[in-house]
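Colleague: In order, the protein sequence lines correspond to chains A and B. Residues in the first sequence are numbered from 10 upward in steps of one, following my numbering. Residues in the second sequence are numbered from 35 upward in steps of one, following my numbering.
Careful, some of the hints might be misleading.
These stretches of chain A come out as covered by chain B in the derived footprint (C-beta under 8 Å, 3 or more residues) [claimed, not checked]:
hint	segment
1	49-60
2	86-94
Part of the chain B face toward chain A, derived, beta carbon under 10 Å [said to hold, decoys possible]:
hint	residue
3	S45
4	K73
5	G88
6	K89
7	E96
8	W100
9	S140
10	W144
11	V198
12	L201
13	L202
14	D203
15	G204
What the hints contain is simulated information worked out from the structure, not anything from laboratory work. Bear in mind that the values here come from a model prediction, so they are computed numbers and not experimental data. The beta carbon of each residue, even a glycine, is placed where N, CA and C say it ideally should be.
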Amino acid sequence: MSHWIPAQYWPVLVVVLALATIGTAILFGIGLNAYIQRRSRRYLLVSGVLALLVGRTIVGMGTLFGLVPMVFHHLIAHTIDFLTAATLLYLVYQSPADAS
Amino acid sequence: MPNTRVTITNSIETHPGLHFNELVRRLELAPGQLQYHIKQLQSTEDVIAESVYGKTHYFPPEYNQWERTALALLRRETAGEIVAYLLTEGDTPPAAVAEELDIARSTLEWHLDRLVEQGLVAKQRDISNRVTLSVRNADRTVELLREADPTLGERMVDRFTRLVDNLLDG
């Protein structure tokens, strides 16, 4: 058990992270299938964003079980946030080109 | 025929057009095991495999090639809705179909490309040179539409693409 979390919150965090892992993995699976069907850059990027979301929960799991130190946890998580925002902004900006 | 093969053919009879992974899930077989039995069933022509846009679907032998491709396409919920709309409304311009079904034009065009290419839907020009859409083989298409039952996974992927296209194309 890690020292950064009070013992009573530990089980809650485990449940929340387990749910997040299941949820993001299903979502990524759907996104990947959509990309396989459409084969377009748009769906590749959308799947990429969903993969980042899965990555976030994996990092969370890593920290929970003492594999990823808290410093790296924040660094990776916020880098993922930045990449997600950048990809989505790009998708929105160039959507007229994709739609045609 | 061994029991497993009877179960496989029954499942394909009830849900024509299922793909490999879905059969693995439904029948709780190991992929290798299913692959072996499917191969045997294909060699005796009890099951026909049809590859539609990179995905292999399995059918009972009584479906011809056009029906197999049509059914594989109609398993996509949005394609089914487009065809059902054209069947009830008759010849309709594409813009009206997209508006009525509340789908992005890019979603409609993606499905139409395939429906037209595989001979389910025809694009014609009316007297004022406007494009209208119609179903080519209405009687058989109605029957196939009734048999198409997309799985939960197929529905989710289809609705996901609809949502993404709607969000990004408006």
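Colleague: Just pull the numbers of the violated hints for me, sorted ascending.
Modeller: Those not satisfied are hints 2, 3, 4, 7, 8.
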